[in-house]
Amino acid sequence: MTAQVITVTSGKGGVGKTTAVANLATALAADGKKVVCMDGDIGLRNLDVIMGLENRIVYDIVDVIEGRCKLKQAMIRDKHYPDLYLIPAAQTRDKNAVSPSDMTRICNDLRPDADFVIIDSPAGIERGFRNAIAPADRVLVVTNPEVSAVRDADRVVGILEAEEKGSPSLILNRLNPTLVRNNDMLSAEDVLDLLGIQLIGIVPEDESVIIGSNRGAPVVTDAKSRAGQAFRNIAKRLQGQEIPFMDLEQQGGLWGAIQKLTGRK
Amino acid sequence: MGFFTRKRSAESAKERLQLVLVHDRTDLTPAQLESLKNELLEAISHYIEIDPEAVQIGLERDGRSQKLVADIPLRSVSRHRAG
Chain A
1 MTAQVITVTS
11 GKGGVGKTTA
21 VANLATALAA
31 DGKKVVCMDG
41 DIGLRNLDVI
51 MGLENRIVYD
61 IVDVIEGRCK
71 LKQAMIRDKH
81 YPDLYLIPAA
91 QTRDKNAVSP
101 SDMTRICNDL
111 RPDADFVIID
121 SPAGIERGFR
131 NAIAPADRVL
141 VVTNPEVSAV
151 RDADRVVGIL
161 EAEEKGSPSL
171 ILNRLNPTLV
181 RNNDMLSAED
191 VLDLLGIQLI
201 GIVPEDESVI
211 IGSNRGAPVV
221 TDAKSRAGQA
231 FRNIAKRLQG
241 QEIPFMDLEQ
251 QGGLWGAIQK
261 LTGRK
Chain B
1 MGFFTRKRSA
11 ESAKERLQLV
21 LVHDRTDLTP
31 AQLESLKNEL
41 LEAISHYIEI
51 DPEAVQIGLE
61 RDGRSQKLVA
71 DIPLRSVSRH
81 RAG
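Here the protein sequences line up with chains A and B, keeping their order.
Quick note on my numbering: the first sequence kicks off at 1 and runs consecutively.
Quick note on my numbering: the second sequence kicks off at 1 and runs consecutively.
Hints in this document: simulated from the structure, not taken from any laboratory.
It is possible that some hints are incorrect.
Label-pair distances were calculated between CB atoms; the ranges are [what the hints assert, rightly or not]: (1) 52/B - 236/A: 40 to 48 Å; (2) 148/A - 30/B: 15 to 23 Å; (3) 27/B - 167/A: 14 to 22 Å; (4) 19/B - 13/A: 43 to 51 Å; (5) 24/B - 79/A: 40 to 48 Å; (6) 74/B - 178/A: 46 to 54 Å; (7) 67/A - 12/B: 52 to 60 Å; (8) 12/B - 77/A: 45 to 53 Å.
Beta carbons are placed, not taken as given, at the ideal position from N, Cα and C, and that holds for glycine.
In isolation and in its complexed conformation, chain B is listed as follows (with noise of 0.2 Å):
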């Protein structure tokens, strides 16, 4: 990386914090919060069909409240037209 690209250092300061503080206030580790996503997952395809490579679970702040955030998209399911 270049003189001119480099982050600064304030900036990673903020990225890991965000990424701490939301695992300190769940008391979730990244562990726990994959496992919690893959029993999600199978869950849900249970039930509908979806596109495992595009899910996007994750854990968000919201002020000091937090979220935990769940992009899922469904499988396309090509339609037979009748005729």
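Okay, chain A solo, but in the shape it has when bound (with noise of 0.2 Å):
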């Protein structure tokens, strides 16, 4: 077994990396891959509260890395999948703490055992975000339909190419398909053409994510979820599975018949 290091990083804060992160590794783990995650965001760490783990962490990467314990023990075991683990960021501590080549050493003391490592990067362009890319076999960009989030994933995606990273995949979050129907949001096509990245995903805005969040339980695990079902197919697709891009223009409800039989779009 090699595992594919995977970063998930957008320039911008707040657009849903962390989120992204924990549905992915989740949806990779009930489809019966072995994946450890791993939160880059020394001092502001929060993919352990998303992931509902927050009162099993004992060590952290910084202990591993300053040799206070043995990788396996920084590796907190996922409540419902036995092969799923977090390595929780340091939260005292600050980014210099680590380095771009203890990142990567630590990625290769997981690859022979896992399938997939998963790396929640820092918003950000500097020493976090930098250590969060250097592992990377595949980067994925995450973005909202609104101008400074997608200004700042074209810089990401600038420093990445100069980086000779390789071209990153597209995951467009939190897209509102009414807004986008009336015209008062950047569609996919828009992003797409303005990025000029490929597309892994789009993820609809829907509530469910902040009750999952509230809950520490990520969305994924809510078969009814748009927004789950979104992350459970881009987690197919990152295993090489041709999976098409959800409808999202079907809208329910009587707003939507409306706006059908009048045929304003």
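Taking the hints as your guide, dock the two standalone chains into a single complex.
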């Protein structure tokens, strides 16, 4: 087994990187894969709370780097999936406690025993981001259909190209189909045209994401959630399967029916 | 502008982003682009006569690469026919 290392990054903060990592890792584990996810946001860790594992942390990634524990001791097993692990970030240290070569070494140690290593990059384009992309075989850029998020995503894509990390794949998160239909939100086509990279998934805006994070249960475990379905599809694409993109236009409800009848788009 | 002709915000977002991204990617400010244009025109006019009013020079996107596109019409020179 040789794990693929996937880094999830965005430039701008708050676009859904951590949510994407928690959901993709959980979906891959649900598909029977061995998955380790790593929180790369030293000093501002959050992947632990999104995955509901905050009470189980004993050691973190800086403890591993500084030799206070073995790598295995810092790997927290998920509550539901025995082949899903989290390596938490340190909360009381800063990003300079970790170097790009530390990240590469840890990932190389994980590779023989996992199918996927997924790294949650911090926002920004500085040290923490450099650490997160150093070991990556593949990079996923998360953005929202919103001017500042797209602009920052473009900067990140430019840096990844300059670092010869290859062309990343795009996760367009929090798309609101109603706003797009009314031409008050950038469409997936607009964002793809602007960024010029390949798409790996569109995640619709969905309140079940907030409910899931409140509970520490990623939304992919909710069979009815549209966002959960979108993340499950991305996880399948990461495994090399060809999954058609969801039709986000199928809008239920009375208002959707009226709009269809009157032909208003 | 009336209600029916009002431009929807997605269109403004796309147009503004197109401009911003071109400048971000080339690391060239609009002011620098302007002086580049002027120097380019000056150099060209040493050799051929051009119509400065009709010149169009700008950055364009082509996927992830940028192009500097120049459309520089030459001033028509009146030709004297022999005889």
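Hints versus structure:
no. : hint                     : result
1   : 52/B - 236/A: 40 to 48 Å : 58 Å, violated
2   : 148/A - 30/B: 15 to 23 Å : 19 Å, holds
3   : 27/B - 167/A: 14 to 22 Å : 20 Å, holds
4   : 19/B - 13/A: 43 to 51 Å  : 24 Å, violated
5   : 24/B - 79/A: 40 to 48 Å  : 43 Å, holds
6   : 74/B - 178/A: 46 to 54 Å : 52 Å, holds
7   : 67/A - 12/B: 52 to 60 Å  : 54 Å, holds
8   : 12/B - 77/A: 45 to 53 Å  : 49 Å, holds
Figure legend: structure checked against the earlier numbered hints; hints not met, in rising order: 1, 4.
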